[in-house]
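Asks: Protein chains in written order, with the numbering used here: chain A, 1 to 131; chain B, 132 to 559.
Bear in mind the hints are in silico, worked out from the structure with no lab data behind them.
Fair warning: there could be bad hints in the mix.
List of simulated lysine-lysine pairs, DSS-like, C-alpha gap at most 30 Å [what the hints assert, rightly or not]: (1) A:9 to B:487; (2) B:549 to A:110; (3) B:536 to B:343; (4) A:9 to A:110; (5) B:459 to B:343; (6) B:551 to B:273; (7) B:551 to B:343; (8) B:343 to A:110; (9) B:433 to B:459; (10) B:337 to B:433; (11) B:343 to A:9; (12) A:110 to B:536; (13) B:425 to B:459; (14) B:337 to B:425; (15) B:536 to B:549; (16) A:110 to B:487; (17) B:343 to B:549; (18) B:536 to B:551.
Listed here are the chains, written in short residue letters.
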Amino acid sequence: MVSWAWPRKSYEARVLVVPLDEASRAALPDGLEDGLTVEQADMVVLLAHDLAVVDDSAVIEVCDAARADGRLIAAVIVDAELSWHGEAARRSAVVIREAVDSVVVLRDIKLANAFVDVLRGGDREAAEAAR
Amino acid sequence: MLTREQNERLVRTGPGTEMGELLRRYWIPALLADEIPEPDCPPVRVQLLGQRLIAFRDTLGRIGLLDEMCSHRTASLFFGRNEQCGLRCAYHGWKYDVEGNCVDMPSEPAESKFKEKVKHPAYPCVERGGVIWTYMGPPELKPQLPELEWAMLDASQCFVSKRLQETNFLQAMEGGIDSSHVSFAHRFNMDDDPMHAGTEGLVYLKNDTRPKFEVTESDGGLLIGARRTVDEENYYWRVTQWIMPWYTIIPPFGTHNPLGAHAWVPIDDERCWAWSINYHPTRDLHDVELESMKRGEGIHSKNIPGTYRPLANAGNDYLIDRQAQRDKRTFSGVDGIAAQDFSLQESMGPIVDRTKERLGTSDAAIILARRRLLAAAETVESGEPLPGANPEHHRVRSASVILPKATPFQEGAREALKVKPGEEFVSI
Chain A
1 MVSWAWPRKS YEARVLVVPL DEASRAALPD GLEDGLTVEQ ADMVVLLAHD LAVVDDSAVI
61 EVCDAARADG RLIAAVIVDA ELSWHGEAAR RSAVVIREAV DSVVVLRDIK LANAFVDVLR
121 GGDREAAEAA R
Chain B
132 MLTREQNERL VRTGPGTEMG ELLRRYWIPA LLADEIPEPD CPPVRVQLLG QRLIAFRDTL
192 GRIGLLDEMC SHRTASLFFG RNEQCGLRCA YHGWKYDVEG NCVDMPSEPA ESKFKEKVKH
252 PAYPCVERGG VIWTYMGPPE LKPQLPELEW AMLDASQCFV SKRLQETNFL QAMEGGIDSS
312 HVSFAHRFNM DDDPMHAGTE GLVYLKNDTR PKFEVTESDG GLLIGARRTV DEENYYWRVT
372 QWIMPWYTII PPFGTHNPLG AHAWVPIDDE RCWAWSINYH PTRDLHDVEL ESMKRGEGIH
432 SKNIPGTYRP LANAGNDYLI DRQAQRDKRT FSGVDGIAAQ DFSLQESMGP IVDRTKERLG
492 TSDAAIILAR RRLLAAAETV ESGEPLPGAN PEHHRVRSAS VILPKATPFQ EGAREALKVK
552 PGEEFVSI
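One chain only, chain B, in its complex shape:
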């Protein structure tokens, strides 16, 4: 639990807020690359950390992310014309390039140089891993580009989706590091999910349904180990990575299945983008896997066509099926791993009141993640390097391993937890 003040510090992410300033010091997954698929395609609205923005791809393929409201009369650039290396406001014709330079001001005399004085707010962008990333912090503190493994692979090895979640980003992210919910919320889905099927790990999971948790700091965030007894000498460990400020990597089942990862990025204080990623470091994703992911199965969601809003949502009680709940086809009655998560997280309200919760020993990862975020926010003004901003902190993997009982899991799995480009990951 937190004090009201601590909760406010953690959940407010707009400009000038403590957490907002922290999050702006990281590269931010802003939109899917295929939302602006080709030069001069229609611009799209993007909202991040409470700021309304507009994204476009110019004639040369360069990506622009501008403040949505024109510098002139603050009309929305969503209605703009994306033409000849710039986005032109439909109201009076002011035109901006991807860097926010006003390159044409036809509402003023042709000889006027006033356009040279106007600099529209613009944020640098880079395309990597099927995602357009932006940086919204002080230019002089811009970190190196993100190097999460999935973002560095060929497009054929990775599938990325996003969905709208109607909660604060922290609430969603806490679900990702709350390993103990898996044994309940997803209890009856492990057999059906193709990402779990046919693995030795699943046998250990079923044999020991009460895992014990161990959490330790990592350079970039936390390592969360869930252990189950294998025999007198050994534990089976499933190790989740939390990388500050909002990434997780899910422990794998076998090496034949792709890995899974998430990111939770604030749209505003009451909504976030839940990014879900499947990837395999050593092979292309199979057609059957891709079809399943595109259908919104596994960690992805079934969305209303043409939108990123889930079909199962608060308006229809997440399509709860009480018969499926009674029949033990689903634990909560909600279908799909993603919907099982967000239905419960959204049920807590858009911003959970953490002064009223009552955490226990199995919530250690959540407790420590909050503390690490608050601690980082306190150092942000100093300009010091932040955990999770260094690409070294991104070059990590999750793992599932068997280790002797006396071994610190972070040591025993040290090599397994590092990215080794082109090499198989370690998973039971």
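Looking at chain A on its own, in the form it has when it is part of the complex:
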């Protein structure tokens, strides 16, 4: 009989969120580890609101470094219309798609923060209690 109460805990991943534009910099989720580098992180999450202003070379640089270190890489794009517009944004979309493992497109930042929180994992009871 399997016991459902063994003392197992979810590993708490070190998640580095990389804002790709000003709006994303202003909307970073709470509770992120200060000073975390790509080399130290388990996962790298790119966060963008406006793909048109994203620096593609920075995306490539971060993702290449993360990939070289075996990190998981995701991108979260926040847009009220669940889309992107214009040639620059389309170019960046391709760069991001090629560079990351999965992409999430959401209407608002609240859901994006919840997504990052789940990726962090760890002891949720302790995290809740600490808040």
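Add chain B to chain A, keeping to what the hints say.
Replies: What follows is chain B alone, placed relative to chain A:
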């Protein structure tokens, strides 16, 4: 992963629970229409969201879904007599019509009007797409009838089956939106499955065995895109629909094969009905397809005759065949796509402890589906319209398409993802 409290909120569906109240705001697939095939046929037991019910078809063909226990002494109406437009309890003869009105109370004096005071719990039902649907929420908030494409087709264009799954509904449903498992659990079945055979899509699948996933919100739930590289300019996309609270539509292979869909409906907190549907919007299903579906192939299951319990079940280790596993005829050793899914899902226990899981970036759809369900549950008391309750949210299709790399898949496939009655779906 979730906190214990979040997990409890998601998996408990009985009366008065947060998720239970949410799910009761939707039309619920309750039973197959052919379980009560004709007027005055035997009543059948139905359990939904932890409630024990009894379904019957009265003399005029109307469908009743009543609380199973008689209002009088709480004997089971399963033993009742289905006669003359009502179900009569075998214990003392109280009789109820399909609306729960007590129409006869022979254990009391004939002149008594007491029967007029008794209203037995009853839920409205409608028959559509070979399924009897019920609504168990507040009458004033009853949504419009479901308009999922498969439910609107002629009977000859659709095949529906159900099976018992011994897990919480969410655990089963999460399997349906977990696109990354397909490359493992079903790895060696794609060639054999007639629904995949002879399609260009299968070639892309084989050429690129590590799809990347993209998930976006839709009005009714989520769109889950799995993409593979076709060439320098294009991706091949397979787009799954998740429609709240429990429906999925599987991406198709070619247009000559039928589409597939599922629904996962709680029986109680530790069991659910897994509904599986194949349908074709523009033609009747062929005899050979129907025979295969009736045999429990493809997304359907081989059940113990006369029941909805799979032949392969926990009691026999799902008939695991280690030689087939070694020979790469099946990845897990379990035969059949459905059994491959439910064997693994049931192995997690009846209610998985989500505080112990460790999700990764490929689990985005699961993470977001849970959040959308929790968010909807939080608004249920307000009486506001819910995602997935509007028939507009049902009139969607899955699709498999080739799109330029820069195109948001939800935009590039927008027209392909809409139901166009009588028109072919879009699939590679």
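Asks: Hints numbered earlier in the text: which of these fail when held up against the supplied structure?
Replies: Nothing - there is no hint that the structure violates, so all of them hold.
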